[in-house]
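Numbering follows full-length UniProt numbering, with no gaps: position 78 of the sequence shown is 78.
It should be emphasised that the hints constitute simulated quantities derived from the structure, not laboratory data.
C-beta atoms are modelled at their ideal positions from N, C-alpha and C, and glycine is treated no differently.
Any given hint might turn out to be false.
Keeping only pairs whose Cα atoms sit at most 27 Å apart, straight-line, the calculated DSS-like set for lysine-lysine is [unchecked claim]: (1) 543 x 565; (2) 483 x 334; (3) 448 x 520; (4) 565 x 334; (5) 543 x 334; (6) 448 x 142; (7) 448 x 402; (8) 334 x 448; (9) 483 x 556; (10) 556 x 520; (11) 142 x 334; (12) 402 x 520; (13) 520 x 543; (14) 556 x 448; (15) 142 x 392; (16) 448 x 483; (17) 556 x 425; (18) 90 x 334; (19) 90 x 483; (20) 483 x 520; (21) 142 x 483; (22) 90 x 402; (23) 448 x 392; (24) 556 x 543; (25) 142 x 543; (26) 483 x 402; (27) 483 x 392; (28) 425 x 334; (29) 520 x 425; (30) 392 x 334; (31) 402 x 425; (32) 543 x 402.
With beta-carbon atoms standing in for the labels, derived distance ranges [stated by the list, open to error]: (33) 179 x 548: 55 to 65 Å; (34) 301 x 279: 11 to 21 Å; (35) 548 x 309: 11 to 21 Å.
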Amino acid sequence: MHLDSLNLYLLIGTGLMFIGLLLGSLSTRIGVPSLLMFLLVGMAAGEDGIGGIQFDDLSTAYVISNIALAVILMDGGLRTRMDTFRLALKPALSLASLGVAISAALVGAFTTWLMGVDWRLGLLLGGIIGSTDAAAVFSVIKGAGVNINERVASTLEIESGLNDPMAIFITLMLVGVLVEPDATFGFNMILTLIQQFGLGAIIGLGLGAVLSEILLRVRSNEGLHALLLCSGGAMVFALTNLAGGSGFLAIYLTGLVTGNRRGGTGDNVLRSMDSMAWLAQSGMFLMLGLLITPSELGQHLLPALMVALFLMLVARPVSVWVSLIPFIFTWREKLFIAWTGLRGAVPIVLAVFPLLAGVGETRLLFDITLVVVLISLLAQGASLRYMARLLKVSVPATAAPKQMVPMAHSANRYLMQFEVEEGAKAQGQRLGTITTQRITPVLIIRDKAFLNLSEDPQIEAGDMVSWLAPLSEQDYLSDMCHKITVAERRYFGDFIVRGSVPVDQLVAAYGIHELEERLKGMTVEAAFEDRFGQHAVVGDTLKLGGLRLRARTVEKGRVIMAGIKLPQ
């Protein structure tokens, strides 16, 4: 290749990336997902756009998309706390298996009726667009500007990390049926599905533990740690695929295990991984945008719009309601999960399968898939913030520490530094009154001077206080060090009660005599457990007569503190 040609390609690629990043940074202000911006920039540079770039290499698109999705899933796993994973695993697994199957069946039946195609082709489309997309879900939730309650957000994120094996199973099965109509695939395909889930889980968890141990022992700067983490995850992804398992599931679980042994993944490493994830998803959606030729979508636009609307308004809600029947979700939470079934790169990658296999009429499915993805990102992605507030599944964000550093070779211990705000609960209190058995004060900086902790100093506004504590104490320390905002007071109420307070004593203090018989003698924590099991999250609400309690601090499903909202 001539050097000038190489520089020209480099200029075009980096220029598109630069424009996409600029527009992506503006997207949150206008409520549009940044991924849609990258997709539109790619389309504008494509064959029908001002760039006129002709790109139709499906094999290259397939390979790059797989690598990018692996990096994105690794980053998502790193940021998922194990407590959160346990909380949402069962409902997410139900959505990722039963939910995908129901969505695929409903979309398949609707497409067959609407377009008069072979039922196998209709069901193939259902399998292709039946699963949510990790890149879209992680990116849109992170950039929505609202803090969605943990039960809902973690269910959506974990579902998007787990549902690829089922979607791939349905797609490959239907491709096989269309290529070889006389072949029998039943039992072998079931074994393939079990193999995908089983090997993906075993290899991901096992090699995740090995990788985390290596990171704990290797002495290098944090920049190299990020590269070790990314390359190690890519090895797990490739090895699992070669073994016949789900590489996507494996790399997500590898990130989960590694991220929860934080000795080798400090904040700087996570920031580096975040940059890699952004590079992966922006590059992937730019490339997919180049792959789209808008003029070819026009002939299938109307049926594609109808399929997209059916998926968003019928198939996804039905699959969510059925899949979540055994679990504790409010109707508002179910409706939000149904609406946030974002489609992105995964359906486009799956739509490449039948094209590469030479299945007839699959260009039709590819075009419909592209329209469904565009509609999903535009309608569902752009409205996520509004829907979260409308359905009341958002909670006020907890003030994060100024700095948080994991302690190597120390089980779940972090050095957390907070700045004490004017009007915070800690202001005016002695250090010893805040300290508990699980929280050890390490340092107080006031006016650039270090205070003597042995004198039990009085905390003042502006102090920079560092504690050594488990991650579960972060919310408590944040609550003590920052002033309650108007939004928090409106959401949680003016008063706070500990989970150990007896319910009888609480209602009596407010002159309320209406209390269910079964709640008498319980503590606030036990009353929440009676309603939500050991799966309570911040924002869960419990009515006690005329009082309304809202979980404020939760540790492993147990309500430690709750806000009190008085009768109006």
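Here's how the hints hold up against the structure:
1. This hinted pair checks out: residue 543 and residue 565 have alpha carbons roughly 10 Å apart, not beyond 27 Å.
2. Taking the CA atoms of residue 483 and residue 334, the gap is near 33 Å; set against the 27 Å cutoff, the hint is violated.
3. Restraint check for residue 448 and residue 520: the C-alpha separation of about 52 Å exceeds 27 Å, so the hint is violated.
4. The hinted pair formed by residue 565 and residue 334 meets the criterion: a straight-line CA distance of about 25 Å does not exceed 27 Å.
5. A distance of roughly 20 Å separates the Cα atoms of residue 543 and residue 334; the hinted pair therefore holds under the 27 Å criterion.
6. With a C-alpha separation of about 35 Å, the suggested pairing of residue 448 with residue 142 is violated against the 27 Å cut-off.
7. A C-alpha spacing of about 16 Å is found between residue 448 and residue 402, which places the hinted pair at or below 27 Å, so the restraint holds.
8. A distance of roughly 50 Å separates the Cα atoms of residue 334 and residue 448; the hinted pair therefore is violated under the 27 Å criterion.
9. Between residue 483 and residue 556 the CA atoms are separated by roughly 25 Å; this keeps the pair inside 27 Å, and the hint holds.
10. Pair hint residue 556 plus residue 520 holds up; C-alpha atoms about 24 Å apart against a cutoff of 27 Å.
11. Straight-line distance between C-alpha atoms of residue 142 and residue 334 comes to about 20 Å, which keeps the hinted pair within the 27 Å bound.
12. The straight-line distance between the Cα atoms of residue 402 and residue 520 is roughly 42 Å, outside the 27 Å bound, and the hint therefore fails.
13. Restraint check for residue 520 and residue 543: satisfied, since their Cα atoms lie roughly 13 Å apart, inside the 27 Å limit.
14. Of the supplied pair hints, the one linking residue 556 and residue 448 is violated, its CA atoms being roughly 37 Å apart against a limit of 27 Å.
15. Only pairs whose Cα atoms come within 27 Å are accepted, and residue 142 paired with residue 392 is accepted, the gap being roughly 18 Å.
16. Restraint check: the Cα-Cα separation between residue 448 and residue 483 comes to about 23 Å, which is no more than 27 Å; the hinted pair holds.
17. Simply put, residue 556 and residue 425 have alpha-carbon atoms about 24 Å apart, close enough for the 27 Å limit, and the pair holds.
18. A threshold of 27 Å between alpha carbons decides the hint, and for residue 90 with residue 334 the separation of about 15 Å falls inside it, so the pair holds.
19. Proximity of residue 90 to residue 483 is assessed by CA-CA distance (about 36 Å); at most 27 Å being required, the pair is judged violated.
20. With a CA separation close to 34 Å, the supplied pair residue 483 and residue 520 exceeds the 27 Å bound.
21. Of the supplied pair hints, the one linking residue 142 and residue 483 holds, its CA atoms being roughly 24 Å apart against a limit of 27 Å.
22. For the proposed pair residue 90 and residue 402, the alpha carbon gap of about 34 Å is over 27 Å, so the pair is violated.
23. Restraint check for residue 448 and residue 392: not satisfied, since their Cα atoms lie roughly 43 Å apart, outside the 27 Å limit.
24. Among the hinted pairs, residue 556 with residue 543 is consistent with the structure: their alpha-carbon atoms are about 22 Å apart, no more than 27 Å.
25. The straight-line distance between the Cα atoms of residue 142 and residue 543 is roughly 31 Å, outside the 27 Å bound, and the hint therefore fails.
26. For the suggested pair residue 483 and residue 402, the alpha carbons sit about 15 Å apart, so the restraint of at most 27 Å is met.
27. Pair hint residue 483 plus residue 392 holds up; C-alpha atoms about 23 Å apart against a cutoff of 27 Å.
28. A hinted pair counts as satisfied when its Cα atoms are at most 27 Å apart, and residue 425 with residue 334 does not qualify at roughly 36 Å.
29. As the CA atoms of residue 520 and residue 425 are separated by approximately 31 Å, the hinted pair breaks the 27 Å bound.
30. A C-alpha spacing of about 12 Å is found between residue 392 and residue 334, which places the hinted pair at or below 27 Å, so the restraint holds.
31. A threshold of 27 Å between alpha carbons decides the hint, and for residue 402 with residue 425 the separation of about 18 Å falls inside it, so the pair holds.
32. Distance hint between residue 543 and residue 402 is unfulfilled; the C-alpha atoms sit about 36 Å from each other, more than 27 Å.
33. Restraint check, residue 179 to residue 548: a C-beta distance of roughly 59 Å satisfies the suggested window 55 to 65 Å.
34. At roughly 32 Å, the beta carbons of residue 301 and residue 279 sit outside the given window of 11 to 21 Å.
35. With their beta carbons about 37 Å apart, residue 548 and residue 309 fall outside the hinted range of 11 to 21 Å.
Hints 2, 3, 6, 8, 12, 14, 19, 20, 22, 23, 25, 28, 29, 32, 34, 35 from the earlier list are contradicted by this structure; the remaining hints agree with it.
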